[in-house]
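**Student:** Protein chains in written order, with numbering that gives the first Met the number 0: chain A, 0 to 271; chain B, 0 to 656.
FYI, nobody ran anything at the bench for these hints, they're computed from the structure. None of the values given here were measured: they were computed from a predicted structure. Any given hint could be a false lead.
Said to hold, decoys possible - So the derived label-pair ranges between C-beta atoms look like this:
no. : chain 1 : residue 1 : chain 2 : residue 2 : range
1   : A       : Glu254    : B       : Asp161    : 57 to 65 Å
2   : A       : Gly16     : B       : Tyr106    : 39 to 47 Å
3   : A       : Val142    : B       : Asp161    : 26 to 34 Å
4   : B       : Glu45     : A       : Glu254    : 49 to 57 Å
5   : A       : Asp233    : B       : His153    : 55 to 63 Å
6   : A       : Phe106    : B       : Trp38     : 42 to 50 Å
7   : A       : Glu216    : B       : Tyr626    : 47 to 55 Å
8   : B       : Lys64     : A       : Phe106    : 28 to 36 Å
9   : A       : Gln101    : B       : Gln538    : 56 to 64 Å
10  : A       : Val142    : B       : Glu602    : 54 to 62 Å
11  : B       : His170    : A       : Glu138    : 53 to 61 Å
Glycine residues also receive a C-beta, built at the ideal position from the N, C-alpha and C atoms.
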Amino acid sequence: MLDSAEGYVTEDGRKIGGVVMEMKNITLRFGGVVAIKDISFDIREGEIRAIIGPNGAGKSSMLNVISGFYVPQEGEVWFHGSKRPPMRPYEVAQQGIARTFQNIALFEGMSVLDNVMTGRLGYMKTNIFQQALWKGKAEAEEVENREAVEKIIDFLEIQHIRKTPVSRLPYGLKKRVELARALAAEPRLLLLDEPMAGMNVEEKEDMSRFILDVNDEFGTTIALIEHDMGVVMDLSDRVVVMDYGRKIGDGTPHEVRNNQEVIDAYLGVSHD
Amino acid sequence: MAQTQSGAEGMQSLPALLHRNATQLGDAPAYREKDFGIWQCWSWAETAAEIRSIALGFLEIGVEKGDHIAVIGRNRPAHYWSMVAAQMVGAVPVPLYQDAVAEEMAYVLEHCGAKFVVCGDQEQVDKVIEIQENLHQIKHILYTEKRGMRKYDHSQMNALDDIKAEGSAGHQRFDAELEKRIAAIAYDDTCVMLYTSGTTGKPKGVVLSNRNVIESAKNSAEFDNLTRNEDILSYLPMAWVGDFIFSIGQAYWCGFCVNCPESADTMMTDLREIGPTYFFAPPRVFETQLTNVMIRMEDAGKLKRNMFHHFMAHAKKVGGLLLDGKPVGFGDRLKYALGNLLVYGPLKDTLGYGRFRVGYTAGEAIGPEIFDFYRSLGINLKQLYGQTEATVFITVQPDGEVRADTVGVPAPDVELKIDDTGEIHYRSPGVFVEYYNNPDSTASTKDAEGWVATGDAGFIEEGSGHLRIIDRAKDVGKMADGSMFAPKYVENKLKFYPDILEVVVFGNGKDRCVAFINIDLTAVGNWAERNNVAYASYQELTAHPRVLETIKSHVEEVNKSVAADEMLSGCQVHRFVVLHKELDADDGEMTRTRKVRRGFVEEKFSDIIAALYDGSDKVSTTTEVTYEDGRKGAISATLQIIDAPVVTAVQHKVAAE
Chain A
0 MLDSAEGYVT
10 EDGRKIGGVV
20 MEMKNITLRF
30 GGVVAIKDIS
40 FDIREGEIRA
50 IIGPNGAGKS
60 SMLNVISGFY
70 VPQEGEVWFH
80 GSKRPPMRPY
90 EVAQQGIART
100 FQNIALFEGM
110 SVLDNVMTGR
120 LGYMKTNIFQ
130 QALWKGKAEA
140 EEVENREAVE
150 KIIDFLEIQH
160 IRKTPVSRLP
170 YGLKKRVELA
180 RALAAEPRLL
190 LLDEPMAGMN
200 VEEKEDMSRF
210 ILDVNDEFGT
220 TIALIEHDMG
230 VVMDLSDRVV
240 VMDYGRKIGD
250 GTPHEVRNNQ
260 EVIDAYLGVS
270 HD
Chain B
0 MAQTQSGAEG
10 MQSLPALLHR
20 NATQLGDAPA
30 YREKDFGIWQ
40 CWSWAETAAE
50 IRSIALGFLE
60 IGVEKGDHIA
70 VIGRNRPAHY
80 WSMVAAQMVG
90 AVPVPLYQDA
100 VAEEMAYVLE
110 HCGAKFVVCG
120 DQEQVDKVIE
130 IQENLHQIKH
140 ILYTEKRGMR
150 KYDHSQMNAL
160 DDIKAEGSAG
170 HQRFDAELEK
180 RIAAIAYDDT
190 CVMLYTSGTT
200 GKPKGVVLSN
210 RNVIESAKNS
220 AEFDNLTRNE
230 DILSYLPMAW
240 VGDFIFSIGQ
250 AYWCGFCVNC
260 PESADTMMTD
270 LREIGPTYFF
280 APPRVFETQL
290 TNVMIRMEDA
300 GKLKRNMFHH
310 FMAHAKKVGG
320 LLLDGKPVGF
330 GDRLKYALGN
340 LLVYGPLKDT
350 LGYGRFRVGY
360 TAGEAIGPEI
370 FDFYRSLGIN
380 LKQLYGQTEA
390 TVFITVQPDG
400 EVRADTVGVP
410 APDVELKIDD
420 TGEIHYRSPG
430 VFVEYYNNPD
440 STASTKDAEG
450 WVATGDAGFI
460 EEGSGHLRII
470 DRAKDVGKMA
480 DGSMFAPKYV
490 ENKLKFYPDI
500 LEVVVFGNGK
510 DRCVAFINID
520 LTAVGNWAER
530 NNVAYASYQE
540 LTAHPRVLET
550 IKSHVEEVNK
560 SVAADEMLSG
570 CQVHRFVVLH
580 KELDADDGEM
590 TRTRKVRRGF
600 VEEKFSDIIA
610 ALYDGSDKVS
620 TTTEVTYEDG
630 RKGAISATLQ
640 IIDAPVVTAV
650 QHKVAAE
């Protein structure tokens, strides 16, 4: 792997670009608990970047730092070449970052279509009165956004549940709907919090294929958290490994797999 | 018919019919496909332009006359167009079953020697590439869905859209050649090659000529007065002869519109949105719909439920008679009209049959109750009997003579005869040309005078002239005591119970019959939910004592009814098992059209059959299963063997007296 400021070429021949997001010496504390201890790494344009680690390693905290939901006490987050000030979630969304959640956070009573449409909110410019009147601008806007949403519905193969209320769907499909909603925002950086958690083998395979296809088709940069090692190793270009809030490994899946500290963290080692 | 087939006389190929439709019905819809949530529509003129550009693209990539072009994908306009475009350039389209695993597909691709393949999506391309590693005959792969294809080596591969664009761009180079090839198509040239699913042995490539397809389309369209205003929903496998005749043959002959669903999962919604006027479905579709209706009615409020049952009882009494044009009293007519307003109309609309004018079910026997349910609603559902080798039609039921237990009278221009062994033979303009590269099979199926042996045993009913099918001729055997063994007869009776999906009866040459039974997960699962029966898997549900009890009661009832028929009383099921897995085409237990491969099943589960005969009450078995992606696994189970009460022939006589 050729690593340089311009990027590198992956094993399967994809070109990875420059740095999109850089975490510099991040430390995050909750009272006396140190969730993240002095961690630095970067995410590059077009890559699938995984953050892995055992339970309680600080993965979700890390994702929340990336998404801007947590503001670290120490360290800096650089996004597209500039230092990012603390910001509100909607401002992060406006910057082109979208995410899914570990515990699905969809609007249960709404249909799949409506849920995915909410992902387009950032693209809707008409106000509530125009929308109430419906005709003219609001209608044109809805048609335009519906088209974008339909493309994603087609892409993720959820046509058959388009009109189904989310509460009636099985877990694996809800996960897919969440991904659809995140994609509807046309993000430049997509954050996935445990996309495979609680899925069976077949659902995991489907989800893996969708993640690869999203990356391939839309060129979306993806950062994901996962603790299914097999999935991560097959899917990602580079992996950050965390344990007890520290970074203990960073590199290609192959490098990480052979890292003694990572093996110890996963298989356990006697501390005597 | 007069209004539609004007100018169709003398049309000797599908491209010629296409040209007629494009010039005479230019703006009328020819294809619709639901995509991005909207029904996209192509008129006949647009269709002709699309097909022409695909044909030009085919010339660009070097398709020669007589080449075979395989088409593997779900029902989409682009795939239908590819087939007609192939005919334009003098090539032979070969549609394949898209759910076939790579090794099944390899045989067919090798046998037909296809040099070009049109694939629906990445999944199909992957299979073809895997096959190509050993085959090295495929020159070019085309695909319709671009997704996931970016990283593939494109030196011998293109998106269909791309070659369409390239072909149109270079049309000046290819126009003359294309015109020449279209003009050269003769009536007896090959129109399409369809592989029979093969309940026995390897699939055979049935060669159908333009004459076969066009004559059959013409005769059948006239028989049912099909017009250019029909709408059909094309959702059955493209590799199946029926789909070819309905979605291409009849569609081009009449000029009606072919609607393609958005995906296999949305078929029921799309059916409702389109409301086809002409419809075709295997019995399974009607069974599933009926089961769903019944389940939903159980959940409905009291008023609705009572109304439903009250009016359905009335429909059962007079609905069928009304449909057949038989005399019905004024009061009954009035009540039926009211029922139509309150129940039948809304129900038909929900099912997608609001505009249903004529429809067929075939492939398997349909349960009389299911059949009558639809007919009593005023849905003109009929049965036909056909084969790939006959270009579908052998017998059909004319309006007004529809019954659940026959398959109708010979279709127009079809001659029928029953030989000494009871096997049905036919001769018609639809009789296939040959099995591709298989003169031995051709000779053993079709004689010098053009008579084709169907392999089915049946008889023509005295009086009505209707054909009744008993069973596959080779499946009909003798029990050890010499009485007749007709497994299908018993299986069908059992399959009419909604909670039984599939049955295989064994007993040829033995002293008694035994059976394998598959439960229907939808129906039994729903029952389990209602009755608080907990289960974690299909396998667990199949072994539940209450399920076994129910199935046993069904077998008992069927035994009683079988015993009533003296000729077949030996076919009663003495012992049975409920299988731990569904019989599946991926495991080779069924054909792609879901017919049981009896011999294969007998061999694969020989341990269970042995246990059924040796009197043991349990059998442990391990079965290999194939997953959708072709990987193999195994499931093991201990199956309980159930003894079913039988009626002995002697006792039966006593009882009858």
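**Student:** Could you work out which of the previously given hints the structure breaks and list their numbers from low to high?
**Tutor:** 1, 5, 6, 7, 8, 9, 11
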